[in-house]
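Enquirer: Residue numbers (UniProt numbering), protein chains in the order written: chain E, 1 to 238; chain A, 1 to 238; chain X, 1 to 238; chain H, 1 to 238; chain G, 1 to 238; chain S, 1 to 238.
Worth flagging that the hints you see were computed from the coordinates, not collected in a lab.
Where hints are given, some of them may not hold.
[Claimed, not checked] In silico DSBU-like cross-links for lysine-lysine, where the CA-CA straight-line distance does not exceed 35 Å:
#: 1; chain 1: G; residue 1: K46; chain 2: X; residue 2: K54
#: 2; chain 1: E; residue 1: K46; chain 2: X; residue 2: K46
#: 3; chain 1: E; residue 1: K82; chain 2: H; residue 2: K105
#: 4; chain 1: E; residue 1: K46; chain 2: A; residue 2: K143
#: 5; chain 1: H; residue 1: K80; chain 2: E; residue 2: K54
#: 6; chain 1: X; residue 1: K234; chain 2: A; residue 2: K82
#: 7; chain 1: X; residue 1: K149; chain 2: X; residue 2: K80
#: 8; chain 1: G; residue 1: K54; chain 2: E; residue 2: K80
#: 9; chain 1: S; residue 1: K82; chain 2: G; residue 2: K54
#: 10; chain 1: E; residue 1: K54; chain 2: S; residue 2: K149
#: 11; chain 1: G; residue 1: K80; chain 2: A; residue 2: K82
#: 12; chain 1: H; residue 1: K82; chain 2: E; residue 2: K82
#: 13; chain 1: X; residue 1: K46; chain 2: S; residue 2: K106
#: 14; chain 1: A; residue 1: K54; chain 2: G; residue 2: K46
#: 15; chain 1: S; residue 1: K46; chain 2: H; residue 2: K80
#: 16; chain 1: S; residue 1: K54; chain 2: E; residue 2: K46
#: 17; chain 1: E; residue 1: K80; chain 2: G; residue 2: K46
#: 18; chain 1: S; residue 1: K54; chain 2: X; residue 2: K143
#: 19; chain 1: G; residue 1: K82; chain 2: S; residue 2: K54
#: 20; chain 1: G; residue 1: K82; chain 2: H; residue 2: K80
#: 21; chain 1: H; residue 1: K143; chain 2: G; residue 2: K54
#: 22; chain 1: X; residue 1: K54; chain 2: G; residue 2: K82
#: 23; chain 1: G; residue 1: K46; chain 2: E; residue 2: K82
#: 24; chain 1: X; residue 1: K196; chain 2: X; residue 2: K234
#: 25; chain 1: H; residue 1: K80; chain 2: A; residue 2: K80
#: 26; chain 1: S; residue 1: K149; chain 2: A; residue 2: K80
#: 27; chain 1: E; residue 1: K46; chain 2: X; residue 2: K234
#: 28; chain 1: S; residue 1: K80; chain 2: A; residue 2: K54
#: 29; chain 1: A; residue 1: K80; chain 2: X; residue 2: K143
#: 30; chain 1: A; residue 1: K143; chain 2: E; residue 2: K82
#: 31; chain 1: H; residue 1: K82; chain 2: G; residue 2: K82
Protein chains: 6
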Amino acid sequence: MRPSGRAPDEMRAIDIQTGFTRHAEGSVLISFGDTRVLVTASVEEKIPPFLRGKGEGWVTAEYSMLPRATHTRGSREAAKGKQSGRTQEIQRLIGRSLRAVVDMKKLGERQIVLDCDVLQADGGTRTAAISGAWVALRLAVDKLMAEGKITADPIEGRVAAISCGICEGTPVLDLDYDEDSSADADANFVLIEGGKIAEAQATAEGACYDEEGLLRLLRLARIGCDRIFAAQAKAVGR
Amino acid sequence: MRPSGRAPDEMRAIDIQTGFTRHAEGSVLISFGDTRVLVTASVEEKIPPFLRGKGEGWVTAEYSMLPRATHTRGSREAAKGKQSGRTQEIQRLIGRSLRAVVDMKKLGERQIVLDCDVLQADGGTRTAAISGAWVALRLAVDKLMAEGKITADPIEGRVAAISCGICEGTPVLDLDYDEDSSADADANFVLIEGGKIAEAQATAEGACYDEEGLLRLLRLARIGCDRIFAAQAKAVGR
Amino acid sequence: MRPSGRAPDEMRAIDIQTGFTRHAEGSVLISFGDTRVLVTASVEEKIPPFLRGKGEGWVTAEYSMLPRATHTRGSREAAKGKQSGRTQEIQRLIGRSLRAVVDMKKLGERQIVLDCDVLQADGGTRTAAISGAWVALRLAVDKLMAEGKITADPIEGRVAAISCGICEGTPVLDLDYDEDSSADADANFVLIEGGKIAEAQATAEGACYDEEGLLRLLRLARIGCDRIFAAQAKAVGR
Amino acid sequence: MRPSGRAPDEMRAIDIQTGFTRHAEGSVLISFGDTRVLVTASVEEKIPPFLRGKGEGWVTAEYSMLPRATHTRGSREAAKGKQSGRTQEIQRLIGRSLRAVVDMKKLGERQIVLDCDVLQADGGTRTAAISGAWVALRLAVDKLMAEGKITADPIEGRVAAISCGICEGTPVLDLDYDEDSSADADANFVLIEGGKIAEAQATAEGACYDEEGLLRLLRLARIGCDRIFAAQAKAVGR
Amino acid sequence: MRPSGRAPDEMRAIDIQTGFTRHAEGSVLISFGDTRVLVTASVEEKIPPFLRGKGEGWVTAEYSMLPRATHTRGSREAAKGKQSGRTQEIQRLIGRSLRAVVDMKKLGERQIVLDCDVLQADGGTRTAAISGAWVALRLAVDKLMAEGKITADPIEGRVAAISCGICEGTPVLDLDYDEDSSADADANFVLIEGGKIAEAQATAEGACYDEEGLLRLLRLARIGCDRIFAAQAKAVGR
Amino acid sequence: MRPSGRAPDEMRAIDIQTGFTRHAEGSVLISFGDTRVLVTASVEEKIPPFLRGKGEGWVTAEYSMLPRATHTRGSREAAKGKQSGRTQEIQRLIGRSLRAVVDMKKLGERQIVLDCDVLQADGGTRTAAISGAWVALRLAVDKLMAEGKITADPIEGRVAAISCGICEGTPVLDLDYDEDSSADADANFVLIEGGKIAEAQATAEGACYDEEGLLRLLRLARIGCDRIFAAQAKAVGR
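Here chain E stands alone, though its shape is the one from the complex (with noise of 0.2 Å):
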């Protein structure tokens, strides 16, 4: 029995607000149970420069943690002066997924920046992340698509993310914070609709798995996926 009482392959209530703050081109609340990732998608006209002159665009991302998101408060990064090594590893990784499903050239030389802002963390905020973060794009590329700024879709997909997890020897799906600081393995999957993986991240805490754990693990990465995916669906209206 998981602590929350959820079956294996049971994820927490997906609740996805847009318009939750009104400047960004694109603007998300996502919430994975108690999770909750403020995820705005901002256009910049410039691009970085190791792109200038190629005719393509870029999506990024950055990744923060309010201090008291977690359960005891943690220090601010902007205070200590530096963004530790897992809020870099965790923006570089939803920037890479969000890239897997963007034409950079029919982007056009513009930027999308995502920021992802943890408003309350329950485990699986890089996931919220991820998963909120397509909503926020499609809807900042809706709109210039809306103002004529751009004319083919860029977005070739829809990308969702979910984390997994063996506890106790169970592979589980969507682990909130007590199971992911139990488990004894610890995976988060990033996969396209239709069923492409465009990352697999599995790591482990206590034991070390098998390829078997690995692929029981992808399969429920897939069952969280599909449920995510509608939720975006119904999110963006299509």
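Since the structure of chain E is provided, determine the placement of chains A, X, H, G and S on it from the hints.
Expert: Relative to chain E, chains A, X, H, G and S alone:
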């Protein structure tokens, strides 16, 4: 006529939602119109080095603006590796304002950190932060008292803050972003319920002002703070 | 009775020595009693990025305290690798105060940087810095005009600043360190010759104050600034 | 045909030179073809703060690339004043991988730091670093046991790592720089001798992959790690 | 003929004003012609960690140049967030030079910090700093002895420093900025009263030099330091 | 008798291995006994801002010590976020020494960066770095000349460096770590083939020295540098 159509002494709608996040000892989402600030109060059973051994507590604050809280995206301070002068000035003001109503002996050897994160900005973020911080602090202290960790209430009164300014010659209350960026003078008042002043800051932007102007701004601030005191009372249920 | 034996409305001796160093376009050593600040004005034929192409100039300030300007040695900000919140707050105030009397169009596309370095501190360093910075700025602008680089005088008037406070219930003028560290309320006023106010900041330290207190502090500030305006006039020879 | 002429499941030459430097408790120069990493293991009789009083040790890693390890010179992180996200991600992975085979209770209250400095890079630096770090760790632990500081061996098994990828549709083992920069997918596996998995990371670069692709990469990794385990055994003489 | 009209072995006027600021245990404004450095000596009843429990004291120095000490304004190190290599090199030299004449056992477990802030620069700032620092140190130690905190004098002799250089083939003493920026070789000598050498640094700028050149520079330095020793003696009254 | 059994004027074995890494335009592993430094020369077709438009090139250096190059592990500068004063002082010396033999006009508008990374330290790392850097620079310039990018050889002669010191009253050549940490005086000389001096630095550590001591150190340095010039000649084949 103000851009928003408000009367000179008319505030924007105030909304205070308590318990917006669940981990913090006190958590508040406060809105002054479109300005929305998430404030959490975190109780830490430790004190800063300069207070050790004095039998006193401390109240401090940190402030940040999410990168896309504003019309155009600002850079993330954690990524830049330092907090701006504006951020530091504001968080020092917030901490000082709250300390004006707290008896540090009664608080005991513990620290309460008020994290003020602006989710959406439309002028007056520092005054909304102070006003919301009082509610978060009140909730956290209530919890400490309910747990028996504090016996005598260390909070000596309510504190609220509001901005005023002189726009095209007319003193007006609670400036939004449009007014703020074109005002001749811009003031922030931190008032204590009952009429005392904790902090007055009035800055000429385009045109210097005179004593009569300063007094008219202070009178508007009293009107605004009375409305905030009422909203605070309602939010904490007394 | 004040610790220094001064009357409540009595300032410390003001001394303004021009040409204290020789490289800067304007150089001043200003003393308010034992508080001594070296201010230099540097003319730079470049402007900050946000002003490019607008045909306007800029005036900005930097502030620092030598490590042993104070009773006990403070750490050197350059060695720590960052400026404190206090330093940033003060240098923002100095720049803003001077800009209140400068017509940026007449200054033309150049920047004047006011470096305020406190050689010895005994309270009131920021107000001495502002008052001295006006003299350094005046000297630098006179030089630009003598060289024919500027035709119309961009300085619209004098600006001076002074601290006041409420000590044991009595409003007093020009606090030294002893008074400053024990005052119930502490205020800084930046005034324009002729009576207008550029900035008013009044902070409760030990006890909140009322409107009457604020006004009495302002009236003391007028007395003090009139004395500073006279000293400034004498220093620049008109 | 691979650019190097290797078969899809063919590794580059592995070379492990122990005792490359003489001060460290363990020192190894490991080569995977032209990729050469110097790994030292330093025993420190102190532990990080979060472990104090638990009777456990710690194993951690730091990673760096010499500026001209690569085709074009990269900037030196010490000169820039911060480690890149990539560097932090890699050193976190190395530390985690080694901790997967160490019993921290048996290690006792001491820390072993694995410094992995890339002298020459040609793809696969992180996997060479992990594979070499195991040897350096083994040597350092052997020394601690020979000195009688540790009685029971804290190392529970061998760990090795290898990169694989999908290049022009074909899964291949041990990518060099040419392949790495053009691969459709890029994976790193950290395996434990005996078959268990400590970490799997597979990232789509140009094209997403499917479950079958993931499994084929894992099988290649097993082939590669078996060769590394043999080289490790030979290097440590058992 | 030198640009200043001085003879090759002629120093600029030396002036040492003690008690320039009042808080420090020792305070000196030293001038070598137009080069003016404010040096304060601060006694701290604590020592750096590496000396704890050894019964010894420490002498260290910090150096900084005010932004407009020079012909054109330099950026402020505190604002840039780091000290330049030049600054660090100079402050290490100053500390080392003073430590050459102090018996750390006799100083006892306390630290003396010498802050050297250049108010105006015209060549030779580091040598003026060292020469002035000896006076500030002497004053601070005299105070410690007068207070009975130290019984045996820890200062074993005088130390002074001077720059020399080879300009258009001729060795000259005490370079000003004009000479310094065009010299073929540039040297700094730190000498102990009585003839010993604490530090010799001679750098070719435009043309390498030979042994004879080095010796002629050293002989000039002896002439210069003898004049400084006399000025130091007069400044401290013995 | 020296701890190593060497005669006072006896150097340690010098070894210069060219082509140690393959990407850099020049690459050298130089050993002075157990001190081993990897030096690479990188040609960059860009110059620092202060040289733009002058038709000249630049030669600069960076220096670092691997954390466990030493007896006990030092912290990694990239992790601490800043380079130590010692590191900056050394890399400034290396760059200056190499520039002493390069005609920047003949080099043309390009920069050569010499990265000196100490793999193992046993005293004399900066002098080994300078001596090896000359070889790396020579190789890189030869490559530029072979490619026809440079026509006239910009290198005007050989430069080498060696440390000397006074140990228990005796001047000795090429100090190892044991001698270096106990020497009374410690000197580094940078000499040009043919006899000229590019840099002389002699520092008293435990006891000040006299003119005769300085000259005896310089004579030892000549002996040492002659051996290094021979090794350099052999390494570059002429």
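Enquirer: All hints, please: hold or fail.
Expert: Checked hints:
With a C-alpha separation of about 54 Å, the suggested pair G:K46 and X:K54 falls outside the 35 Å cut-off, and the hint is violated. About 25 Å separates the Cα atoms of E:K46 and X:K46, which keeps this hinted pair within 35 Å; it holds. Using a Cα cut-off of 35 Å, the hinted pair E:K82 and H:K105 holds, with the two alpha carbons roughly 32 Å apart. The straight-line distance between the Cα atoms of E:K46 and A:K143 is roughly 49 Å, outside the 35 Å bound, and the hint therefore fails.
At roughly 28 Å between alpha-carbon atoms, H:K80 and E:K54 fall within 35 Å of each other, so this suggested pair holds. The hinted pair formed by X:K234 and A:K82 fails the criterion: a straight-line CA distance of about 42 Å is larger than 35 Å. With a CA separation close to 40 Å, the supplied pair X:K149 and X:K80 exceeds the 35 Å bound. Between G:K54 and E:K80, the direct Cα distance comes to roughly 34 Å. Compliance with the 35 Å bound is thereby established for this hinted pair.
Straight-line distance between C-alpha atoms of S:K82 and G:K54 comes to about 29 Å, which keeps the hinted pair within the 35 Å bound. Our distance criterion of 35 Å between C-alpha atoms is met by E:K54 and S:K149, whose separation comes to about 29 Å. With a CA separation close to 11 Å, the supplied pair G:K80 and A:K82 stays within the 35 Å bound. Between H:K82 and E:K82, the direct Cα distance comes to roughly 8 Å. Compliance with the 35 Å bound is thereby established for this hinted pair.
Distance restraint check for X:K46 and S:K106: the Cα-Cα separation of roughly 34 Å lies within the 35 Å cut-off, and the hinted pair is therefore satisfied. With a CA separation close to 22 Å, the supplied pair A:K54 and G:K46 stays within the 35 Å bound. Restraint check: the Cα-Cα separation between S:K46 and H:K80 comes to about 19 Å, which is no more than 35 Å; the hinted pair holds. For the proposed pair S:K54 and E:K46, the alpha carbon gap of about 32 Å is at most 35 Å, so the pair holds.
Pair hint E:K80 plus G:K46 holds up; C-alpha atoms about 27 Å apart against a cutoff of 35 Å. Restraint check for S:K54 and X:K143: the C-alpha separation of about 32 Å stays at or below 35 Å, so the hint holds. Using a Cα cut-off of 35 Å, the hinted pair G:K82 and S:K54 holds, with the two alpha carbons roughly 29 Å apart. A distance of roughly 11 Å separates the Cα atoms of G:K82 and H:K80; the hinted pair therefore holds under the 35 Å criterion.
For the proposed pair H:K143 and G:K54, the alpha carbon gap of about 32 Å is at most 35 Å, so the pair holds. At roughly 33 Å between alpha-carbon atoms, X:K54 and G:K82 fall within 35 Å of each other, so this suggested pair holds. Restraint check: the Cα-Cα separation between G:K46 and E:K82 comes to about 30 Å, which is no more than 35 Å; the hinted pair holds. A hinted pair counts as satisfied when its Cα atoms are at most 35 Å apart, and X:K196 with X:K234 qualifies at roughly 21 Å.
The suggested pairing of H:K80 with A:K80 holds, with an alpha-carbon distance near 13 Å, which does not exceed 35 Å. Among the hinted pairs, S:K149 with A:K80 is inconsistent with the structure: their alpha-carbon atoms are about 40 Å apart, more than 35 Å. Restraint check for E:K46 and X:K234: the C-alpha separation of about 53 Å exceeds 35 Å, so the hint is violated. Taking the CA atoms of S:K80 and A:K54, the gap is about 34 Å. The hint holds against a cut of 35 Å.
Under the criterion of a C-alpha separation no larger than 35 Å, the hint pairing A:K80 with X:K143 is inconsistent with the structure, at around 38 Å. Between A:K143 and E:K82, the direct Cα distance comes to roughly 33 Å. Compliance with the 35 Å bound is thereby established for this hinted pair. Note on H:K82 and G:K82: the hinted pairing holds, with a Cα-Cα distance of about 13 Å set against a maximum of 35 Å.
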